[in-house]
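Trainee: Chains as they are written, first to last, in the working numbering: chain A, 1 to 89; chain B, 90 to 297.
Since the hints were made in silico from the structure, they are not lab data.
A virtual CB, placed ideally from N, CA and C, is assigned to each residue, including glycine.
Don't take every hint at face value.
Listed below are several chain B residues computed to face chain A (Cβ distance under 10 Å; list not exhaustive) [said to hold, decoys possible]:
hint, residue
1, Gln103
2, Arg146
3, Gly151
4, Thr284
5, Lys286
6, Glu288
7, Phe290
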Amino acid sequence: MTTHLDGNVLGGELGELFTVDITAATGQCASCGTVSAIAQTHVYTQAPGLVARCPSCAGVMLRLVRGPGRAWLDLRGISCLQLALPGQP
Amino acid sequence: MDVRLTAADGYSAQRSYSIASAPDGDRIELTVQRLPDGEVSPYLGQVLAAGDLLELRGPIGGWFVWEPDLAPAPVLLVAGGSGVVPLMAMIRTRAATGTHAPFRLVYSVRGPDDALYAAELAERQREDDGLHVAYVYTRTAPAGWPVPPGRIGAGVLSAPGWTPDRHAAVFICGPTGFVEAAANLLVNAGHAPRTIKTERFGPSGGQS
Chain A
1 MTTHLDGNVL GGELGELFTV DITAATGQCA SCGTVSAIAQ THVYTQAPGL
51 VARCPSCAGV MLRLVRGPGR AWLDLRGISC LQLALPGQP
Chain B
90 MDVRLTAADG YSAQRSYSIA SAPDGDRIEL TVQRLPDGEV SPYLGQVLAA
140 GDLLELRGPI GGWFVWEPDL APAPVLLVAG GSGVVPLMAM IRTRAATGTH
190 APFRLVYSVR GPDDALYAAE LAERQREDDG LHVAYVYTRT APAGWPVPPG
240 RIGAGVLSAP GWTPDRHAAV FICGPTGFVE AAANLLVNAG HAPRTIKTER
290 FGPSGGQS
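Excised from the complex, chain A in its bound form (with noise of 0.2 Å):
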């Protein structure tokens, strides 16, 4: 099965890393150029990792691979991510 899910689902996960919230960022994709939140990519699960995939060219822009005791995330996809930074001006 190949249905994809969205960026929501990569709350949880990606929430381990960062310390802001992810879904909510904006991330510019390296493929195409269309910005859109993270929550609004296309994520497939059936793969050893989770992989979003821009919603306009379908590039890939994030990878993340969890292990046992570490993760490994590639963000080769994304040319500029742009977070909120609660409590800041």
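With chain A's structure known, arrange chain B on it following the hints.
Mentor: Frame of chain A; chain B shown alone:
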């Protein structure tokens, strides 16, 4: 919210579930649809007993969220099946905060018996002029229902007062196919894509 179960032999499985309750301090309500061939939901539905401990992670995600503090813009909620759960949290939050933002829930279910929270939604709708609920029946409609059962269409999404010029904030939650169909109908009707937030759910092999 992520729920992780770990067996005595160390095997563990994890799933994400939506919170159905409005924020109220230290209690949360998760609504879990039991899938007959599921790995986690049958345990939660049939085995888990009051007092048992669960491993939880969350609440997670600040994107698919309605902020009652913002201007009281109308809110259009579109649910497919158990996708109603996070939208129910918004409806309850609206009631708890006394916000006047008009809400319309379009709720697609197979048949009348499949609707979650049907009694609560009917009650809230009776008590509150600002909440309107419209059902879409895909397989079985109640007797006398004006339209035959079928998939969600453009008509129910563009009720009077809910046209794109109202600039409603739209939240769609359901299985992937439903979410994409509903989002496409709304964009084709003239809703700006940036006003539409979506959350897709489905089986996720969240095993680790």
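Trainee: For each hint, tell me whether it holds in the structure or not.
Mentor: Verification of the hints:
1. Below 10 Å, beta-carbon pairs count as interface contacts, and Gln103(B) has one with chain A at about 8 Å; its hint therefore holds.
2. Annotation: interface hint on Arg146(B) holds; nearest CB of chain A at approximately 5 Å, less than 10 Å.
3. Interface hint status for Gly151(B): upheld, as the beta-carbon distance to the closest one in chain A is roughly 4 Å, under 10 Å.
4. The closest approach between the C-beta of Thr284(B) and any C-beta of chain A is roughly 13 Å, which is over the 10 Å cut-off, so the hint fails.
5. The beta carbon of Lys286(B) comes within 8 Å of a beta carbon in chain A, closer than 10 Å, and the hint placing it at the interface holds.
6. Checking Glu288(B) against chain A by beta carbon gives a least distance of about 5 Å; that is within 10 Å, so the hint holds.
7. The beta carbon of Phe290(B) is positioned within 10 Å of a beta carbon in chain A (closest approach about 7 Å), and the interface hint is therefore held.
Hint 4 from the list above is the single one not met by this structure.
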